[in-house]
Structure formats: structure tokens, C-alpha cells
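Novice: The residues making up each chain are set out below.
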Amino acid sequence: MDNIVSLKNIVVEFEDGERILKNISLDIKDKEFVTFLGPSGCGKTTTLRIIAGFLEPTSGDVLFEGKRINSLPPHKRNVNTVFQRYALFPHLNVYENIAFGLRVKKVPEKEIVKRVGEMLELVNLMGFEKRSVNRLSGGQQQRVAIARALVNHPKVLLLDEPLGALDLKLRKEMQTELRKIQQALELTFVYVTHDQEEALTMSDTIVVMNEGIIQQVGSPTDIYNEPENAFVADFIGESNIINGCMPEDCIVEFTGRRFACVDKGFAPNEMVDVVIRPEDVQVIPADKAKLTGIVESVVFKGVHYEMVVDGVDHEWIIHSTKAEPVGSMIGMAFDPFDIHIMKKSEGDAYEA
Amino acid sequence: MKLKVLSAPYLVWMVIFIVVPLLMVAYFAFTNESGGFTMENISNVGQYANIFVRSIWLSVIATLICLLIAYPVAFTLSRMEKHKQGTMMMLVMLPMWMNFLLRTYAWMTLLGNNGIINNILGFFGLGPFKLINTSGAVVLGMVYNYLPFMILPLYSVMEKIDKSVLEAAQDLGCSSRSTLFRVIIPLSLPGITSGITMVFVPAISTFIISRMLGGGSNLLIGDLIEMQFLGNSYNPNLGAAISLVLMVIILVIMTIMNQFSPDDQVLI
Ligand SMILES: Nc1ncnc2c1ncn2[C@@H]1O[C@H](COP(=O)(O)OP(=O)(O)OP(=O)(O)O)[C@@H](O)[C@H]1O
Ligand SMILES: [Mg+2]
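Going line by line, the protein sequences match chains A and B. The first sequence: position 121 = 541 (the working numbering), numbered continuously. The second sequence: position 228 = 412 (the working numbering), numbered continuously.
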């Protein structure tokens, strides 16, 4: 598979001198579903605007199928965007909004009718053709925005939080639909979300961003199971992140106790972040445990209970199918391979 | 109910200063000096057809020139940063702070045969050109005086066009040109129609501009009407008839214009 879009050392600075993207490099493969995941304001939309051509990077190169397209205007790029704030045409009805791109490209009327019809069906807006877009709900507008971009079958579709305004059920349906379309039409999707579950279920590749820096690129399982730093671990799923140090290979010390782990290659006594997923904390009788704590609260979450446990130096989050009474003392244990050791990120260390 | 009460002062105003005068104009138009009913005034209007045609022609040209100048100006203004827009808008409106007569007098001295423009041109060995007392000077006067009335409504609709909508058009394959025709113009249509109205109506009925810049040879309907009431050819009945016909013409033109604006933006 070839790279369809490549970003090389992209830096974006706005007039006020603020650096929004700090040296972003990324290859997006053809027919891939790539998701940008990161907290609000981390530069996801800005990255999409670079790919779409609305913004020229301050420095760095944008390549499309190997060709540099830094200053190619948006209308000449084989890329369409589902805008975060929809940006529908207020003077056109639903049908004409969706047909817009096809009309610009002078597609024959018969073909337009067919393709717009397919899209209306896909986004579940049949019967709304003649409706003015100003009289649609937020979720309906969002679906028109998806249809309007998708109908053009662009090589690369950029989707900026395209499902944010939908209710849970519709969102799940649309997630499945979008994924199906992407695979059926063999399109490249660049998807933005700050919903980590959405990212994990839909993507081939996830790009985790924070403050204009790519934190990690990888498959959903990589990102979830092998987070590269404490930020990723914390952002993807819940995590217990504890300060620790590595006295020697395969031994980690935190909250004053030593535990076996599987990580090697750290300098003796190097300070590290220790990450343990809530579901990986085993609850055992307190008298048999190295580590104990008092249960502070228990919340039922559907599939499991979430317990907050006040231990030594750290407040633990534990997911378990069995609830322990609030106020009771419990013991905690971990399998060595469930203890993830991460290098402290230099400089602007992430505070968990 | 509350709305009705609130609108009462305006209703009274409207009746006293709009409805009553209109009825009086209609009354005069259909009566002779002794107060008897006649169609003579109306049929006499026909002999001034050439003046009507000239008035319509010159004001249409002036309106079109205003539109052509104002459109890019308004668009540029509307895309500026918000805090700059206010200052720029004030500059556009600045000429309006000066008295209308004064502005037009200024053009007289500029355009005159010994005026500033001909003097400057003469300095380079050109001219003198006949600038004043031409229909061109009348159109110039109209454009100069009424341009802000075109810019203002255009600006106020364009300002509401979201930048992201223009980006969406580009994203879907529109060059700047097709963005203009497919998105910007359709979205600014209400501004275009109200701008045209606000320039065309005063332009077609002006009499000061044509008198001061057009000399005697560019008589417009406004001058004709004025002459019937204040001039030496005193004939208020004919004047009323001409006014009535002018009103009908404007009404017809506005109705046609309304066909082009979206349903919810009817002008009259
Ligand atoms: N035109 C601009 N001028 C100056 N700063 C800007 C501009 N556009 C965006 N920013 C800043 O750039 C940063 C990143 O913005 P961006 O829209 O890319 O965030 P995002 O990751 O898409 O966030 P969200 O999830 O909230 O949409 C923000 O801090 C924002 O304030
Ligand atoms: Mg965004």
C-alpha cells in the first residue's frame, strides 16, 4: 500500500506567534481509516485544514500521492471535508446541498439523481429532499454534511467529528455505515474525534495528539495495550498512572513496594510512569496483599463496578465484576505483564 | 394586542403623512382647476414620454454602476477582521455626513469648463472637455450620492455569510469564480435587491442632481414635477398626474424585482 497523504515536519504558527502544530510528520496509507484522537484544542482541525488546503503550513511539506501540494488550492485537491460545524449552504435545500459538488463537476443529471438518492438513503434522510437546511435538527444537518462530502467519492475524505451531534444509537449505526462505505468504496478516511471508543472501534490506525504534537501512531490494539507514554495511557481508556522507578530490569518500585514486571532496558533507578489499567487490578484479601487500600466509592457501570480505592500515596481506580463494600479494606495485586512502564516524557512532563 | 398598541403612533403617522398626501395626489391628478373630474392630466403625461425614458435610462445606468462598484467593496469589507470593518464602514459613510447640496455643488466646481479637472488636464495640454451639463455628469452625481445606499445593504447581508460556507464551496470543487456565482451571489440576493431599490428610487425621482450637473438639456421627471408646482409652468394637476405615473412605474419595477428575491425577503 502506498502513502496517499504525507505530512512532513509540518509547523503551523498563527499571527499571534503561537505554535499550534509543532513538527508533525505522518504518512497516511491509501484506503486506510486513520483517526486523529486528542483533547479539544490540540490541533486536529488545524491538521485537517492543512490536508484540505485551507491553511498553508508555516513550514514543512504536504504531499498527495507523492507530489508536493503545499499551495494547491482546495478546489483542485481530490479531497472532501465534512466540516465540524457542517457549513451547509443556507440557500439550498437538502437535495441541492448534497448535489452541489456533482453539479460543480457537471456530472450528468441522471447520475446526480442516482447518487444523491443513494446518499439520502444512507444517511436516513429520505423524504427530506425539499426541506430547507435551516429547518433541520443538528443531527440531521450533520448527516447532510456527511452526504454532501461523501457523494463525490473523493480519494480522501476528511471527517471532523462527523457524528458529534447524534444520539448514541444513531451514532453507532452511522459508525458502522461509514466504516462499511469506506471499505466498499475503498476510500481513505481521515477521521477526527475525541471519543476514544469511537476511535478504537472504527480505525485502522489511530494518531493520538496533544498540544500540537503526535504522541503515538498505531493500531487500536497497539494504542490500547502498549501506550507509549502516560498521556496516551490516560487518554485512551482509564488508567492508574503512578510515579515509580526501576531499580533493576523486570523490577519496578512504586508506592514504596517492589513488583515484578516484564520491562527492561532502563537505567538503574530511572524514574518512570507506571500505568495499570483499572481492569487489570486484581482484588485479593487484604491480609495476603503487598498493597492495600480502603474502598471509597462503588459505582455500577453496566458491565462492571468501578471502585475508587484509597491506597498508600495513590487513589486507585478498579474495574471489577464484584463490588466490595464501601469502607472495607481490600488488597491489590497485578500480573507482571499488566504493569506497563513508561519513560517520563522529557521537558513538559505530563502530569497525570 | 400589545403589538397593536405599540404600533399606534406609527399608524397615526402613516395615515397623516403618507395616506392622506397620496389621496391628495390622486385627487389632484384626476381633477381640473375648477375641481371637476378629468382624465386630461393623465393623458397629457404621455407627451413627456422622452423625459420618462431618459430618467429611467439614467437611473438604471447609475444603479448598475453603483452595484458594480459596491459589490466588491462590500464583499471586501465583509471579509475584513471584525474590528477593522467598523472603521472602514465609517469611511464609506463619511461623504454622507456632508450636506447633499454641498456635495453636488462641489462636483459643479470640479466638472465646470474652468473647473479643477479641466484645469489639471489643461496643464498637460489636454482638453478642455465638456464635463458639466452632460448626462454623464448626472449619472456621476447619482452614483456619487447614492453609492453608500448600495454598499450598506450589500454589506449587511454579506457580513452574515459564514467563512466556512465559502470554504465548503471550494472544498466541493468551486474556483473563486464559481464560488461567486454559486454561493456568494445567491446568498447576497436580498442585499442586491434592496440596494437596487434604495438607489434606483431616489435616482429616478431626483431633481437637484440633474439641475445642477445636467444643465437644461437633461431634464428628469423630478425636474418636470418640480416645475409644475414651483416653476413658471405652474400646473399642480399635471404635476400630480406625473407623480402618480412615476409611482406606478416604480411599483411595477419593484414588483418585477421581487420576483428575484427569496420568498421571505419581499421588499414591498
Ligand atoms: N485562525 C486561528 N488563529 C489563531 N489561533 C487559532 C486559529 N484557529 C485555531 N487556532 C488555535 O489553534 C488551536 C488548535 O485548534 P484546532 O481547531 O485545530 O483544535 P481541535 O483539536 O480541532 O479542537 P476541537 O476538538 O475542540 O475541535 C486552538 O488552541 C485554537 O485556539
Ligand atoms: Mg476541531
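Heads up, some of the hints might be wrong.
As the list claims (entries may be wrong) - Estimated spans, in silico, between C-beta atoms of each pair:
no.	chain 1	residue 1	chain 2	residue 2	range
1	A	719	B	365	33 to 41 Å
2	A	527	B	311	29 to 37 Å
3	B	194	A	554	41 to 49 Å
4	B	311	A	516	38 to 46 Å
5	A	615	B	194	32 to 40 Å
6	A	541	B	266	36 to 44 Å
7	A	554	B	365	38 to 46 Å
8	B	444	A	527	54 to 62 Å
9	A	554	B	386	30 to 38 Å
10	B	365	A	422	34 to 42 Å
11	A	516	B	442	21 to 29 Å
As the list claims (entries may be wrong) - Think about it this way: if two alpha-carbon atoms lie no more than 25 Å apart in a straight line, the pair counts; the simulated DSS-like pairs of lysine-lysine are:
no.	chain 1	residue 1	chain 2	residue 2
12	A	451	A	428
13	A	496	B	268
14	B	347	A	525
Hints in this document: simulated from the structure, not taken from any laboratory. If you're wondering where the values come from, they're calculated on a predicted model, not measured in any experiment. From the three backbone atoms N, C-alpha and C, an ideal C-beta is built for every residue, glycine too.
Novice: List in ascending order the numbers of the hints, as given earlier, that are violated by the structure.
Specialist: Numbers 1, 2, 3, 4, 5, 7, 8, 13, in rising order.
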